[in-house]
Amino acid sequence: MAITQAMCTSFKKELLEGTHNFKASGGNSFKLALYTSSATMSASTTAYSTSQEATGTNYSAGGSALTNVDPTTSSTTAYTDFADLTFGTATITARGCMIYNDTATGDPSVAVFDFGGDKTSTAGSFTISFPTADASNAVIRIA
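Following my numbering, the numbering of the sequence shown begins with 1 at its first residue and continues without gaps.
Certain hints may be false.
In silico PhoX-like links for lysine-lysine, alpha-carbon gap of 25 Å or less [claimed, not checked]:
#1 K119 to K31
#2 K12 to K31
#3 K31 to K13
#4 K23 to K13
#5 K23 to K12
Here are the computed distance ranges between Cβ atoms for each label pair [claimed, not checked]:
#6 G18 to G124: 32 to 42 Å
#7 K12 to T89: 16 to 26 Å
#8 A65 to Q5: 20 to 30 Å
#9 D134 to T57: 27 to 37 Å
Calculated from the structure, these hints are not laboratory results.
Quick reminder that beta carbons are idealized off the backbone N, C-alpha and C, glycines included.
Generate coordinates for the entire structure from the input sequences, incorporating the hints supplied.
As structure tokens, this is what we get:
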């Protein structure tokens, strides 16, 4: 089992079909779900699933809502990002996560991320820190 970090291939196609809207006001609702080291996710992952999703105190199946940051451009790169996400007073262990569109039919996946090892919190904050929102680092970039 493994999590292979990638922007999901189905997401790329769905962008061309107009499935996803990342605008902060009036856009789709996106969520972040946490997964264990037993999860198998990669570029071929197409939708949110509860299979091998992490469980723990103050974490609910489906994860938590993300706060969209309006898409923008820099030179020839378009990008968007999200505000950092914290699961407060959580007791949980996760190896990776998935961002998915909670508004669209079927909860289509956007991207999967591998944390590089199990990350654990015990009755503390489990925080997902997103990179700087710019053309070189934003979590979603199209160049």
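Margin query: Hint by hint, where does the structure go against what was stated? Just the numbers, ascending.
Written below: 7
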